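Asks: Sequence:
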Amino acid sequence: MQLRPLMTLGTISYSVYLIPPINQDLIKMAGFSGVEYILLLVPLPIACAHLTYRYIERPAIAYSKIGNTGQKRSQGSEVPGALPANKDGGVTTLKAEQEKV
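Each step along the sequence shown adds one to the number in my numbering, with nothing skipped, and position 5 is 10.
Treat the hints with care, since some could be wrong.
Pairwise CB distance ranges, derived in the manner of DEER restraints [unchecked claim]:
no. : residue 1 : residue 2 : range
1   : Gln29     : Ala65     : 21 to 29 Å
2   : Glu41     : Tyr19     : 33 to 41 Å
3   : Phe37     : Met12     : 28 to 36 Å
Hints in this document: simulated from the structure, not taken from any laboratory. Just so we're clear, the structure is a prediction, and the values are computed from it rather than from any experiment. Ideal Cβ positions, reconstructed from N, Cα and C, are used throughout, including at glycine.
Using the sequences and the hints, build the whole thing.
Replies: Here is the structure:
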């Protein structure tokens, strides 16, 4: 038995949670009511949530992981106010940095 549709729905669940109020307003503004409103109420938010996940959430997650993959940052790309990296690539602790001073 394939559970792929449920797994996909679980993956996009945060977007599914956020999108329906926006879609409800848009459906009402478009003039849909009655049966049409009910028929659009489920598939439209899921489709919008899938697009939101694919084009907003997934790229944002990937962007947030830059530098956590072991890749070396280029010289001069340090974040202002951040603690410097050790020679082995780890981050210096605040306590170790204070002991240097």
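Asks: So, for every hint listed, does it hold in this structure?
Replies: We went through each hint and held it up to the structure:
For the pair Gln29 and Ala65, the supplied restraint of 21 to 29 Å holds, since their beta-carbon distance comes to about 25 Å. Hint check: Glu41 to Tyr19, Cβ distance near 27 Å, so the stated range 33 to 41 Å is violated. The given range of 28 to 36 Å is respected by Phe37 and Met12, whose C-beta atoms sit roughly 31 Å from each other.
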